[in-house]
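Listed below are the residues making up each chain.
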Amino acid sequence: MATAGIDLGTQTVKVVVLRNGEVAGRAKVFSGFDPVKSAEEAMAIALKEAKLTREDLKHVTATGSGMDQAPLKDSTISMMGADAKAGVRLFPKAHTIIDIGAEEARAVKCDDKGIMIDFVVNERCAAGAGAFIEAMARALELKIEDMGPLSLKAERASTINASCVIFGESDVVTLIHRQESKPEIARAVFDAMADRVSSMVRRLGINPDVVLIGGVAKDVGFVASLKRKLGVDLSIPDNPEFAGAFGAAVVAAGRAKEA
Amino acid sequence: MKEPKNTQERKYVAELPQKELEDLRNSAKAVSDRVITENIERMKKTSANRPEAMKYFDDFATFALRETELKDAKAKGRKVIGYFCMFAPIELIIAADAIPVRVNSGWYDTSKIGDRIVPVEVCPVIRSTIGAKMIGLSPFLELSDALISVLTCDGMTKLSEVMSDYMPVIAMPLPRVKDSPHSLEFWREEITSVKKQIEELTGNKITTKKLRTAIELVQKATKAFRRLQDLRKGAPVIMGRDAMLVNQVFLWDDVARWTEKTEALCDELEQHVKEKKWVCPPDTPRVMVTGTPMFWPDNWKLPSLVEEASPRGVIVADELCSGERLLYDPVGVDEWTSDDMYRAMSERYLMASTCPCFTSKDGNEDRINWLLNKVKEWNVQGVIYYVVRGCMLYAMEYTRVKRVLDKLNIPTYYLDTEYTREDVGQMKTRVEAFLEMLSARVDI
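In the order they appear, the protein sequences are chains H and U. Residue numbers for the first sequence follow numbering that gives the first Met the number 0, beginning at 0 and rising by one. Residue numbers for the second sequence follow numbering that gives the first Met the number 0, beginning at 0 and rising by one.
Honestly, the hints are just simulated from the structure, not real lab data. Don't take each hint at face value.
[Unchecked claim] To give an idea of the interface, some chain H residues facing chain U are shown, with a C-beta separation under 8 Å as derived from the structure:
id: 1; residue: Ala23
id: 2; residue: Ser64
id: 3; residue: Ser77
id: 4; residue: Met78
id: 5; residue: Met79
id: 6; residue: Met115
id: 7; residue: Ile116
id: 8; residue: Asp117
id: 9; residue: Val120
id: 10; residue: Phe166
[Unchecked claim] Non-contacting residues of chain H with respect to chain U, defined by C-beta distances greater than 10 Å in every case (computed):
id: 11; residue: Glu54
id: 12; residue: Thr75
id: 13; residue: Phe118
id: 14; residue: Glu133
id: 15; residue: Ser180
id: 16; residue: Gly230
id: 17; residue: Ala258
[Claimed, not checked] Chain U is nowhere near these chain H residues, computed Cβ spacing over 12 Å in every case:
id: 18; residue: Gly24
id: 19; residue: Glu40
id: 20; residue: Ala43
id: 21; residue: Ile44
id: 22; residue: Arg53
id: 23; residue: Ala138
id: 24; residue: Leu141
id: 25; residue: Lys142
id: 26; residue: Glu168
id: 27; residue: Val172
Nothing here was measured: the structure is a model prediction, and the numbers come from that model. The beta-carbon is built from N, C-alpha and C at its ideal position, and this holds for glycine as well.
Turn these sequences into a full structure, and let the hints guide you.
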């Protein structure tokens, strides 16, 4: 049986096609101005990779901030629901699942059966999310993918305030004027962001295994900072940015069986 | 004739140019009318078997009918006394043959006008009330001859100063430690002092007989009110938003008529219980809302989201001073002596309140007990803890409430928002995830 999950995020649309519980195809396309078109495009690519057609899909579940607009869907699941599903499927002992995307960070708490029992979302501000790293990379004239590895070379920790992207940027400028090194400033950026995320997660309680998903989980600099702040090891799947779409596809499989 | 207050020099609020004021008022009024119509249409759409008796409350939700009545009453020499917090003893106002109206603003747009006077960090209920006054949007605030302002939170305390630019304000300081030996005594003195001020303002003496009549009138309202809330314990015969609207209309309605209409509504609801005419499927997740008060018409977004979400929820209870806390507690008089009536009023308005402005040796345990009772008796499955930015007291009490409800395995979600329409998308995501969790659709 084949199903699919569409994660219509703020920056990119991700599609995962699942065949008999295994990932058979996936695709990522920028959401852009016409996310519906982007979603159709992503679906076409993922189906091609899986060597399937839309008619082969028994059920399609959409998630993400734009899920109501998602085309080709049979049902929807909240982002937190998709996170929980993905986290537990990928790491059966998962109790805390942290998802950090471009503009939102959230954390989900699951019980021993893997059922979501609580969640938190960052307070309508991008300072704890990927957009913050992007803005700071710009200020440091770095490519976003270089910032993480560079930060690992920092010899000491400086601090900035990540209460807000704009203020964070002016803090970075202050460090630049103080002639701090780039690795140190980069690390300060990740530390500040990890601070925000960890205090959010602490409101739920840190219950291992802790899973980190979402695009930002690919950033080694951020991952190192978050491990330090939480004081626990993090389980990170391959292709963490597809976890939401994967969770939705798993939900779709469950719903297809029910029907 | 007495000089109208607003031609005197103002201390806080700079005069708006007439043209700008009118433009602002006209556009805010147009939005308000539209929002009222939309809200009621949406409420009708959401509810199956919506009780016929809701029509009265729908009609009075538009402000205009009551505005006309108040104008007529004023033309006959009666006074209108506005109040902000539910601690204002409305029995005294009624006993002086004046009309009580609660005047907190629920308009989103006027909070931006209030930003000209106070910073955006201030609670939007306060900013919006200031803004509403600046452009004369609220008919009830405009018709008020005086205001009773109970100094509960910091925002309310300073709001009363700003309002004194426009009309006389009777400020009532509130003791914050309920179980201190002097609190009740102090509060009783305040009530006595307010009585004198109301007598002066209205020129009417509050006699023992008149006070008894007023207390009995409000007791009847309390009875009808409790009957309505009790009907929400079982399978849903009224949507939360409809019950909340009934509660809101009390804020400006004639007490006797409101009581009669609410009793009629309850009669109809009891009939619906017998006929099993539910407003939504009986297995719809049962939600309670607690936190910052919500005021009609704009600040209706959270209840709308809950009851229109997919999956959908139904609000069966709330712990809001704009909702179920309004009239839940009667003034309990033992003997109808003047002394005993004032004692009973002091106790009802002080001891029965679960406002987070209070503390005691045990913290604000009265609120916890109220919430636990609601959860148990109303079969609440999940609690949304609603806070507007700048509402410090409710925000700070969250941790305590969350810990208590966690122990009972009642999911609680903290939802913070502003007086704005723009965040509805984000709120929807959260509310739907919460309801999904309650309806156990996430069955891994």
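Consistency of the hints with the structure:
For Ala23(H), the suggested interface contact is broken, since its CB lies about 21 Å from the closest CB of chain U, more than 8 Å. The criterion of a C-beta within 8 Å of any C-beta in chain U is met by Ser64(H), whose closest approach is roughly 6 Å, and the hint holds. For Ser77(H), the shortest C-beta to C-beta distance to chain U is roughly 4 Å, which falls under 8 Å, so the interface hint holds. Look at Met78(H): its Cβ gets to within about 7 Å of chain U, closer than 8 Å, so that hint holds up.
With its C-beta approaching chain U no nearer than about 4 Å, Met79(H) sits inside the 8 Å limit, and its interface hint holds. Satisfaction of the interface hint for Met115(H) is found here, the shortest Cβ-Cβ separation to chain U being roughly 5 Å, below the 8 Å cut-off. With a least beta-carbon distance of about 7 Å to chain U, the hint placing Ile116(H) at the interface is held under the 8 Å criterion. Annotation: Asp117(H) was flagged as interfacial toward chain U, and the flag holds, the nearest CB pair being 6 Å apart, inside 8 Å.
The interface hint given for Val120(H) holds, since its Cβ lies 6 Å from the closest Cβ of chain U, which is under the 8 Å cut-off. Taken as an interface hint, Phe166(H) does not check out: its beta carbon lies about 15 Å from the nearest beta carbon of chain U, beyond 8 Å. Against the 10 Å criterion, Glu54(H) stays outside the reach of chain U, whose nearest CB is about 26 Å from its own CB. Taking the minimum C-beta to C-beta distance to chain U, about 7 Å, the non-interface status of Thr75(H) is violated against the 10 Å cut.
Residue-level check failed: Phe118(H) sits 6 Å from the nearest beta carbon of chain U, not beyond 10 Å. For Glu133(H), the shortest C-beta to C-beta distance to chain U comes to about 20 Å, beyond the 10 Å cut-off, and the non-interface label holds. In this structure Ser180(H) is separated from chain U by more than 10 Å, as the shortest Cβ-Cβ distance comes to about 36 Å. The non-interface label for Gly230(H) is consistent with chain U: the shortest C-beta to C-beta separation is roughly 21 Å, beyond 10 Å.
Separation of Ala258(H) from chain U is adequate, the least Cβ-Cβ distance of about 14 Å exceeding the 10 Å criterion. The non-interface label for Gly24(H) is consistent with chain U: the shortest C-beta to C-beta separation is roughly 23 Å, beyond 12 Å. Listed as a non-interface residue, Glu40(H) keeps its Cβ farther than 12 Å from every Cβ of chain U; the least gap is roughly 23 Å. Against the 12 Å criterion, Ala43(H) stays outside the reach of chain U, whose nearest CB is about 27 Å from its own CB.
For Ile44(H), the requirement that its beta carbon stay farther than 12 Å from each beta carbon of chain U is met, with the minimum near 26 Å. Arg53(H), annotated as away from the interface, keeps every beta carbon of chain U farther than 12 Å; the closest lies near 24 Å. The beta carbon of Ala138(H) is kept farther than 12 Å from every beta carbon of chain U, the shortest such distance being approximately 26 Å. For Leu141(H), the requirement that its beta carbon stay farther than 12 Å from each beta carbon of chain U is met, with the minimum near 30 Å.
Residue-level check passed: Lys142(H) sits 30 Å from the nearest beta carbon of chain U, beyond 12 Å. Annotated as non-interface, Glu168(H) keeps its C-beta farther than 12 Å from every C-beta of chain U; the closest such distance is 21 Å. Look at Val172(H): its CB is around 25 Å from the nearest CB on chain U, clear of 12 Å, so calling it non-interface holds up.
Hints 1, 10, 12 and 13 from the earlier list are contradicted by this structure; the remaining hints agree with it.
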